[in-house]
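Residue numbers (our numbering): 1030 to 1201.
Treat the hints with caution; some may be incorrect.
Stated by the list, open to error - Calculated cross-link-like contacts (lysine-lysine; reagent style DSBU-like; alpha-carbon spacing at most 35 angstroms):
| id | residue 1 | residue 2 |
| --- | --- | --- |
| 1 | 1181 | 1200 |
| 2 | 1130 | 1159 |
| 3 | 1181 | 1159 |
| 4 | 1180 | 1159 |
Simulated from the structure, these hints should not be mistaken for laboratory data.
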Amino acid sequence: MVSANQPTLFDTDSDAPTSSRRNTPSIRRTRNRPPARNAGCRPTTPWQPDEHLITAAQAGQLHIRNLTQEDRSWIVAGLTARGHTAEDTAHMLRCSLRLIKQIRAHPMTAVSLYAQTIAAEVEAARLRAKTTNRAHAYELEDLRMTAERYKKQRDDLIDQLAAQARRAEAKA
């Protein structure tokens, strides 16, 4: 049983007891670097995937140095999903093969690849349904035209029989 003072898996950092190490300055802060962001801070604008980045990468218009980690993951996952090898991706983004393999191993890349795979499956299902609906509409219209043709043929036959009956009455 977990006591009230022990953190559980569901506790956040603000609920966890603070240690004395947290209050001591780290060595990294003394190297002319800005202090690390607080883990509780969120970016002001959430990241959104951009499908055009993948197209731009395929055209060779992007350099990996200019991309955020999220964009790197999104692009590498997109190029992987489109069948590009790690070597091709490294060439397109003008970086090392090792960096591409590191990005592929990143959890965000796995999530991006999964999201792109699901999106492709949904789009394929939507297109199949649209094609099926078009085929059914075409088939329905063809059946309506056939029914109209048969009705016209029936009406013509009835008119011919009526004309023959009138001629027979006129002769008799």
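Status of the hints after comparison with the structure:
1. Simply put, residue 1181 and residue 1200 have alpha-carbon atoms about 29 angstroms apart, close enough for the 35 angstroms limit, and the pair holds.
2. With a C-alpha separation of about 38 angstroms, the suggested pairing of residue 1130 with residue 1159 is violated against the 35 angstroms cut-off.
3. A hinted pair counts as satisfied when its Cα atoms are at most 35 angstroms apart, and residue 1181 with residue 1159 qualifies at roughly 33 angstroms.
4. As the CA atoms of residue 1180 and residue 1159 are separated by approximately 31 angstroms, the hinted pair is consistent with the 35 angstroms bound.
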